[in-house]
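**Student:** Here this note's numbering is used: the first residue of the sequence shown is 110, the next is one more, and so on.
Everything labelled a hint here was simulated from the structure, so no lab data went into it. Owing to the predicted nature of the structure, the values given are computational and were not obtained by experimental measurement. Glycine included, each C-beta is placed from N, C-alpha and C at the ideal position. There's no promise every hint is true.
To be verified - Here are the computed distance ranges between Cβ atoms for each label pair:
{"#": "1", "residue 1": "V190", "residue 2": "P154", "range": "18 to 24 Å"}
{"#": "2", "residue 1": "R162", "residue 2": "G183", "range": "30 to 36 Å"}
{"#": "3", "residue 1": "P182", "residue 2": "V130", "range": "52 to 58 Å"}
{"#": "4", "residue 1": "R158", "residue 2": "K135", "range": "19 to 25 Å"}
{"#": "5", "residue 1": "S132", "residue 2": "I172", "range": "38 to 44 Å"}
{"#": "6", "residue 1": "R174", "residue 2": "V130", "range": "27 to 33 Å"}
{"#": "7", "residue 1": "G183", "residue 2": "P154", "range": "35 to 41 Å"}
{"#": "8", "residue 1": "C186", "residue 2": "Q147", "range": "41 to 47 Å"}
{"#": "9", "residue 1": "T164", "residue 2": "G138", "range": "39 to 45 Å"}
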Amino acid sequence: MLSDWVTGAAAAVSGCQGNQVESAIKRLGDKDVCWSAQGMLRLMPAAMRRLYRPTLDAVNAAIARILDDKHIPGTLCCYRVAEYSV
């Protein structure tokens, strides 16, 4: 579950500095999360999907409710536009 992953990651890096962060990320044991040589946290696509999936599911459900609403007749299509920095 995502909340368990976020809680574990936060606990792993809490109070860490410098190379301690890299060690904490390794102890987390998630192959989709690593510390880059440039000193940045790196999330692989699978980790990003786990992170964003609940939000995207909620957006899709909200759009479906609008399209299925009998009080909004004549809706033929809906375009969802999003941009993410990669």
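**Student:** Of the numbered hints stated earlier in the document, which are not met by this structure?
**Tutor:** Numbers 6 and 9, in rising order.
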